[in-house]
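Visitor: Protein sequences, first through last, are from chains A and B.
Each residue of the first sequence is one higher than the last, beginning at 2 in our numbering.
Each residue of the second sequence is one higher than the last, beginning at 3 in our numbering.
Derived from the structure by calculation, the hints contain no laboratory data.
Hints may be right or wrong, so weigh each one.
What the hints assert, rightly or not - Which residues of chain B face chain A? A partial, calculated answer using Cβ under 10 Å:
1) F12
2) L90
3) I102
4) F103
C-beta atoms are modelled at their ideal positions from N, C-alpha and C, and glycine is treated no differently.
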Amino acid sequence: DTGVSQNPRHKITKRGQNVTFRCDPISEHNRLYWYRQTLGQGPEFLTYFQNEAQLEKSRLLSDRFSAERPKGSFSTLEIQRTEQGDSAMYLCASSRRSGAPTVANTGELFFGEGSRLTVL
Amino acid sequence: TQLLEQSPQFLSIQEGENLTVYCNSSSVFSSLQWYRQEPGEGPVLLVTVVTGGEVKKLKRLTFQFGDARKDSSLHITAAQPGDTGLYLCAGVKTSYDKVIFGPGTSLSVIP
Chain A
2 DTGVSQNPRH KITKRGQNVT FRCDPISEHN RLYWYRQTLG QGPEFLTYFQ
52 NEAQLEKSRL LSDRFSAERP KGSFSTLEIQ RTEQGDSAMY LCASSRRSGA
102 PTVANTGELF FGEGSRLTVL
Chain B
3 TQLLEQSPQF LSIQEGENLT VYCNSSSVFS SLQWYRQEPG EGPVLLVTVV
53 TGGEVKKLKR LTFQFGDARK DSSLHITAAQ PGDTGLYLCA GVKTSYDKVI
103 FGPGTSLSVI P
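One chain only, chain A, in its complex shape (with noise of 0.2 Å):
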């Protein structure tokens, strides 16, 4: 297991031009979520799977973001025709999560480290 994994760590691109990130979770993980942060403040919802259902998308989020799960492993991030607001840090994270949280079964998220995208 070597944890949840993120690519590219850094992006840096113009303003306009579509990027795209990957996350890799741990693999026995039904969950997995998006977040944005800025430097300094609380990582922001941006959607969530189970499986390969995506669950809830932020209303916050402009249709320019999607997101995809396509066989419950691996999922992306796309955000088209960026802007320079998009640029922040874009947190993965996963879990295993069933029914309600008990001791044994806390729902713990893991994070990656991180995709880092500025835009110029």
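Dock chain B against the given chain A, drawing on the hints supplied.
Guide: Frame of chain A, contents of chain B only:
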């Protein structure tokens, strides 16, 4: 509108001092978690609390979940420079709901 509020936003203290960080909401959560994040890394789980009134201790850290399951606190005794980081509370409203995070408390412990 933040579902989870944290206070203080920033905290700078001397090594050896005690501190408390608060996480508050007007909503009831089925569980709350506390994470610590260091620069350039993803958050790492410290503890999960699931029962109203629950108190958990992790070495010098004490976590409490409010009786009504709307708030939580993190108390650090004799803070050390290694405690420096961003402390995040995160909550789940129902068993199958998403995990949402508060804005965080940035702690700096000065040697």
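Visitor: Against each hint, give a clear statement of whether it holds in the structure.
Guide: Here is what the structure says about each hint:
Checking F12 (chain B) against chain A by beta carbon gives a least distance of about 9 Å; that is within 10 Å, so the hint holds. Because the closest C-beta pair between L90 (chain B) and chain A is about 5 Å apart, less than 10 Å, the hint holds. Against a cut-off of 10 Å between C-beta atoms, the interface hint on I102 (chain B) holds, since the closest Cβ of chain A lies about 6 Å away. Among the interface hints, the one on F103 (chain B) holds; its C-beta lies about 4 Å from the nearest C-beta in chain A, closer than the 10 Å criterion.
Checked against the numbered hints given earlier, this structure breaks none of them.
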